[in-house]
Amino acid sequence: MRPRLRLLDDALAGRILDEARSVLSTLGVELHDPEGLELLVSHGAVADGGGGRVRIPARLVDRALATAPRAFALYDVLGDRTHDLSGENVHFTPGSAAIRILDPATGVLRAPSTPDYVRYARLVAGLPNLAAQSTAFVPSDVPAEVSDSYRLFLSLLFCEKPVVTGAFSAAAFQVMRDLQLAVRGSDAALREKPLAVFTCCPTSPLAWSEATGRNLLDCARAGIPVEIVAVPLSGFLSPVTLTGTLVQGAAENLSGVVLHQLAAPGAPLLWGTSAAVFDIRSEGAATGAIETAMLTAAMGELGKRLGLPTQAYAGVSDSKELDAQAGLETSSGALLAALSGINSISGPGLLDLDNGFSLEKLVVDHEICGMALRLTRGVEPRDDFPALPLLAELLSEKHLLIARHTRRHLRTEITFPGPAIDRSSEARWREDGAETLGARAGREVERLVSASVPSRLPASARRDLVTVMESAARNAGLDRLPGRDPE
Amino acid sequence: MDLLKELAENLRLGEDEAVRAGTRAALDAGLAPGEILRTGLLAGMAVVGGEFGRREIFLPDVLLAARAMQAGMEVLRPHLARDGAPEAGRVVLGTVQGDLHDIGKNLVGILLRGAGYEVIDLGTDVPAARFLEAAETSGAGVIGLSALLTTTMPRMAEVVSLVRERGLGGRVKVVVGGAPVTQAFADGIGADGWGFDAESAVRRVKALMESV
Ligand code: B12
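For the protein sequence lines, the chains are U and X, in the order given.
Counted the way the numbering used here counts, the first sequence spans residues 839 to 1325.
Counted the way the numbering used here counts, the second sequence spans residues 1172 to 1383.
Heads up, some of the hints might be wrong.
Simulated coverage check for chain X against chain U, where a stretch passes if three residues somewhere in it have a Cβ under 8 Å from a Cβ of chain U [as the list claims (entries may be wrong)]:
no., stretch
1, 1186 to 1199
2, 1266 to 1277
3, 1316 to 1328
Simulated from the structure, these hints should not be mistaken for laboratory data.
Please read all numbers here as calculations on a predicted model, not as lab measurements.
Note that CB positions come from ideal geometry on N, CA and C, so glycine has one too.
Hey, can you work out the whole structure from these sequences and the hints?
The following block contains the structure:
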């Protein structure tokens, strides 16, 4: 049996989605992109005055849900399939777009650089429980105008995994698409084998900014998958009750699904969430709160009920360092999201309310992801029945260490996290140098970065990547590409 | 004097109707508008500010008090102008061009209003020139800029240089904030101040208002 977390019964889930539809048909959403507005109106949505507010009838929602794909796949830079985003399949991805990196030497969250980014990309290549990479943080040594696209450039150059990413403006989309075309070779090839997922967030409450609205349409038309990630902040920009926040989050996401599917019926999307409770004491969206994890799970249930593949920000922490709070929040979030069967879980590595990233934490979180993935496989009967022969063997041999049954099932039944997680005796741990968790994770970062093998992306594609980035960088006043040829 | 104590207490409790009535009653009793502002409304707000600073109360309590302050000011403002009593000052506030994050900016606005400032909120995605226009037409002493994206932080520098270009540096100060913005960045672009949360924003604005 697949273990599954459920927070909403059928009646409540149905009611939430009904209310979301009626919110869309009566209050509607505000759209700042004129083309999106036009698209909706031409299909029967009703523009409300001149402010960009538009009411979306339930029939448009139904139509969009009918064309939205139930599943899609992602492929790495070599064209090999890595993700089946459907059903209860769970994949983990590092969190994205942090603005600072935790410096292990000083314990300070500082501005990241391109060498940090290259180390990150090489590290992710060596972490098998992370099916995708993400454009995890923003290097500060490239001009701000290209800082979103530059991450994608370095990611595609140094790590083979598909990328969860996003543009910070409407204009950045073109470059970020061209980078993907450089890898795949043609528009048709990119459509056939999606390489990246773009995050597009509606603006709570009930609005789409011009930039993210445009990104949504641009991605749909280019066949680039999106994750539609509502961020209702409970108690501030959405009702304080979890149910009320779910109604609003569902309405915001549904408006995105409609817009996206009208632009290109059948284009791939994920139903995402970064819904969170707002902690008025710290003036922040608490990413590690248990209520945030509950919103995540429940949003996932709503997406599944609609038949859509799902995404969530989970497995993150509000701590500023690699401490017990980081472990607690990350693992509770990751475990609950995995138990909810969310198809793409973004978050590992993130700290400080999504503002900070840590390579050492990524190593620890990677082990947590391994445990979460194990949990999703549940308790399964293998060759366990009848039980008598094996127990008879145990009684006669006095142990099962080398039994055939043990050898067959050891590595699938029991996971062996480490080297961050340490299970040795105190004496052994002391003899090994009494290292802290941070030190063990730090050594693993160094080991994986130096052991990483260069990406097998063909030289011609690398050249095309450089050409695309060079021209965008030149427009931003940058005449060399930092990090491109690391030692 | 008891009237003003009660006014301050009602303001602290966020009772806007009681503050409105209390302000009227104080005027009817012949108290000077400036006195009502200082010893009633602002005194109550100072208590709220202190409790908030010590984490004894939460932001919604400040918001309620700010709303009550607003109610009292509506009654008092026409009289203040006559009386010549100084208002705390005006602040132009907004999120810079290309950026739509406004939660932090709104919180800063709430606390500034609570501290007695008149806030001219230009919203989000605001071009540099609009900040200048608003500051010039309103006579604001401070421009507050918010940015949450690394890609939009450079827009802050534009506002600072426009202030210089137009020779307003002595009269209009620029304060910056938002999660990616640091003191070092603020210094680098020549901004006059930086705040990391709403309470520190008010402190910076207060200090700058006193300096202009
Ligand atoms: C909520 C949120 C959103 C909401 C915003 C809703 C709204 N109405 O504002 C939505 C979902 C719409 C959104 C959209 C996007 N977001 Co956003 N968002 C956040 C999030 C999670 C919280 C921001 C927030 O509101 N914090 C709470 C407030 C109270 O804190 P604050 O803003 O920092 O403000 C405080 C202080 O900084 C200070 N302050 C603020 N302003 C000022 C001004 C002055 C004068 C002073 C003195 C002080 C001051 O006082 C405030 C009160 O304490 C942050 C992560 C984070 N923790 O910052 C990401 C984050 C900022 N977003 C991010 C991104 C990438 C985006 C998108 C591009 C995503 C997308 N592809 O769709 C879009 C951007 C669209 C655009 N062009 O602006 C990134 C930025 C990455 C980067 N390197 O720049 C972040 C860091 C998340 C991440 N790691 O990915 N986002």
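Within 8 Å of chain U (C-beta), three or more residues of the stretch 1266 to 1277 of chain X: Holds, because 4 residues of the stretch 1266 to 1277 of chain X bring their Cβ atoms closer than 8 Å to Cβ atoms of chain U.
Using a Cβ cutoff of 8 Å, are there at least 3 residues of the stretch 1186 to 1199 of chain X near chain U, or does the coverage claim fail? Coverage by chain U is violated for the stretch 1186 to 1199 of chain X (0 residues, Cβ < 8 Å).
At a Cβ distance under 8 Å, does chain U reach at least three residues of the stretch 1316 to 1328 of chain X? Since 6 is at least three, the answer is holds.
In this structure, only the earlier hint numbered 1 is contradicted, and the remaining ones agree with it.
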